[in-house]
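What follows is each chain in one-letter form.
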Amino acid sequence: MIKVVFFASLRERFQSPGLTVEIDQIASVAALIEVLMLPDGTPFGSIFAEEKLMVAVNQEVVDFDGAITEGDEVAFFPPVTGG
Amino acid sequence: MIKVVFFASLRERFQSPGLTVEIDQIASVAALIEVLMLPDGTPFGSIFAEEKLMVAVNQEVVDFDGAITEGDEVAFFPPVTGG
Amino acid sequence: MYIRIRVQEIGFSLDEAFQELRRASNSVGAVCTFTGLVRDFNDDAEVTGLFLEHYPEMTEKQLARIVDDACQRWQLMGVSVIHRIGALLPGDEIVLVAVAAGHRGEAFSACEFIMDYLKTQATFWKKEVAADGERWLTMRESDITAADRWQS
Amino acid sequence: MYIRIRVQEIGFSLDEAFQELRRASNSVGAVCTFTGLVRDFNDDAEVTGLFLEHYPEMTEKQLARIVDDACQRWQLMGVSVIHRIGALLPGDEIVLVAVAAGHRGEAFSACEFIMDYLKTQATFWKKEVAADGERWLTMRESDITAADRWQS
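Sequence lines, in order, name chains A, B, C and D.
Be aware that the first sequence starts at 1, since it is given in this note's numbering, and climbs by one per residue.
Be aware that the second sequence starts at 84, since it is given in this note's numbering, and climbs by one per residue.
Be aware that the third sequence starts at 167, since it is given in this note's numbering, and climbs by one per residue.
Be aware that the fourth sequence starts at 319, since it is given in this note's numbering, and climbs by one per residue.
Just chain A, same shape as in the assembly (with noise of 0.2 Å):
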């Protein structure tokens, strides 16, 4: 199981601070997104095609070819704003 979080903008136009996916042949933060993106319909795969977005696999920026293994935290959120 794969813990997804999203932040910001993204978790707005979610309407979700996050969900749940099984992970089986997923391996890959692509592999993930192109997951998340199948259920058409759903605001995901605008969203996924549409928002700069950024990734972080267990609280580390990654590429989106970074790998994924199972219990793995990978959040999306749009680039930073602070300060």
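Don't read these hints as lab results, they were simulated from the structure.
Just so you know, not all the hints are guaranteed correct.
[Claimed, not checked] Straight-line alpha carbon distances no greater than 25 Å define the calculated BS3-like cross-link-like pairs of lysine-lysine that follow:
#1 A/Lys52 / A/Lys3
#2 B/Lys135 / D/Lys379
#3 D/Lys445 / B/Lys135
#4 D/Lys379 / B/Lys86
#5 C/Lys227 / A/Lys52
#6 B/Lys135 / B/Lys86
#7 D/Lys445 / D/Lys379
#8 C/Lys227 / A/Lys3
#9 C/Lys293 / A/Lys52
#10 C/Lys227 / C/Lys293
[Claimed, not checked] Taking CB as the label site, the calculated pair distances span:
#11 C/Glu182 / A/Asp24: 47 to 57 Å
#12 C/Gln317 / D/Arg391: 21 to 31 Å
#13 C/Asp235 / B/Glu95: 42 to 52 Å
#14 A/Glu51 / D/Glu327: 56 to 66 Å
#15 A/Ala30 / C/Asp181: 46 to 56 Å
#16 D/Glu452 / C/Cys237: 29 to 39 Å
#17 C/Asp206 / B/Ala113: 53 to 63 Å
#18 A/Ala30 / D/Gln337: 46 to 56 Å
#19 D/Arg453 / B/Ala113: 26 to 36 Å
#20 D/Glu459 / B/Thr103: 32 to 42 Å
#21 A/Glu51 / C/Asp235: 26 to 36 Å
Just so we're clear, the structure is a prediction, and the values are computed from it rather than from any experiment.
Backbone N, C-alpha and C fix where the C-beta goes; we use that ideal spot for every residue, glycine too.
Go by the hints and put chains B, C and D onto chain A.
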């Protein structure tokens, strides 16, 4: 009359916060220094020759060829070390 | 070496952070501080408030890494970083970075370095509440440029 | 535009200067402060105190000019400069420069600029009182270099 003032190490070495000088033919800082150096046997000569000096006329930093006129305040001091 | 990193809802005292840092070592000769405040306008829309969200498990980790990078680059004696989250009003303080060092060059550089990286790497997001509605802020190009110059 | 320049024997409060500056305008978004403190050592002689002399009629004039130069270069909303004179002890604050601006780049640059020029142009002199006697400090080469870089 010109008011001459000394600061910091210069004031201590001259053992004086300053003096007044009658102007007459003195028209530049360099000419003033020559007058101050004249009374040899006083410490003036060696100190002026030896110390790295800065000069201000009426609280404005000037070169040694800076002009002096009656009533001016001429300050000699070492490079500043505040802050 | 004194390091303190805080993410909190409540306001903070610049003076308190300063007093802690000046005592970090008796050879502290320079303390540089930066405080970011909520301005009452941003790109001409009248801002009435700000909401700050963050990624709790990640933020402190990122801030600690940025501070650690600064400690590798300069000889520092103390660093304090405080970042607020939640609902803020115009004039409220958002962020404080304070750095103590022996000399001023190090204190200034490290303080600006930490702010520049905090702006581009720490997982905070600002939503502006203005008269004409709410909007999530987007990263400024100038912030990316500011952080990039430290890589040379 | 809020400008305040003070030369005084008594100590000062960073917090008070900061509170004044943050209120200089309601579009202040950034306040950078620098505080210089008496370190307990300098070039290995154990410093027990410091004596600060200045040229009263000239110091305020020079400080005002430096602050004015900074205001020409950057868009600032407030500047506060406080410099102490007289007898100081290790750990005492010597100087404060605080700058308020809309954005952080301006606040950092102006604060460092003012400190760099204060170091090389304001008529203050430090005499260090150490275990092995008193000595007037001489200007550091690095301070001249620091001021020179603003001329490019």
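Next item on the list: Evaluate the given range 53 to 63 Å for the C-beta pair formed by C/Asp206 and B/Ala113.
Entry: holds (57 Å)
Note to self: For the hint 56 to 66 Å, verify it against the beta carbon of A/Glu51 and that of D/Glu327.
What the structure shows: With a Cβ separation near 59 Å, A/Glu51 and D/Glu327 satisfy 56 to 66 Å, so the hint holds.
Check: Quick one, are B/Lys135 and D/Lys379 close enough, alpha carbons at most 25 Å?
Finding: holds (23 Å)
Notebook entry, point to check: Within 46 to 56 Å or not, the Cβ separation of A/Ala30 and D/Gln337?
Noted result: For D/Gln337 against A/Ala30, whose Cβ atoms are near 51 Å apart, the range 46 to 56 Å holds.
Check: Is the hinted pair C/Lys227 and A/Lys3 satisfied, with a Cα-Cα distance of at most 25 Å?
Finding: holds (19 Å)
Margin query: The hint says 42 to 52 Å between C/Asp235 and B/Glu95; measuring C-beta to C-beta, is that right?
Written below: Holds: the Cβ-Cβ distance is about 47 Å, inside 42 to 52 Å.
Margin query: Can you confirm whether the C-alpha distance between B/Lys135 and B/Lys86 stays at or below 25 Å?
Written below: Holds: B/Lys135 and B/Lys86 sit about 21 Å apart, inside 25 Å.
Note to self: If I claimed the Cβ atoms of D/Glu459 and B/Thr103 lie 32 to 42 Å apart, would that claim hold in this structure?
What the structure shows: For D/Glu459 and B/Thr103 the Cβ distance comes to about 36 Å; the hint holds.
Next item on the list: May I ask you to test the hint 21 to 31 Å on the CB atoms belonging to C/Gln317 and D/Arg391?
Entry: Holds - the Cβ-Cβ distance for C/Gln317 and D/Arg391, about 26 Å, lies within 21 to 31 Å.
Note to self: Please verify whether D/Lys379 and B/Lys86 have alpha carbons no more than 25 Å apart.
What the structure shows: holds (19 Å)
Checklist line | Holds or violated: D/Lys445 to B/Lys135, with C-alpha atoms at most 25 Å apart | finding: holds (17 Å)
Notebook entry, point to check: Has the given pair, C/Lys227 with A/Lys52, been kept, meaning a C-alpha gap of at most 25 Å?
Noted result: holds (23 Å)
Consistency note: the structure conflicts with none of the earlier hints.
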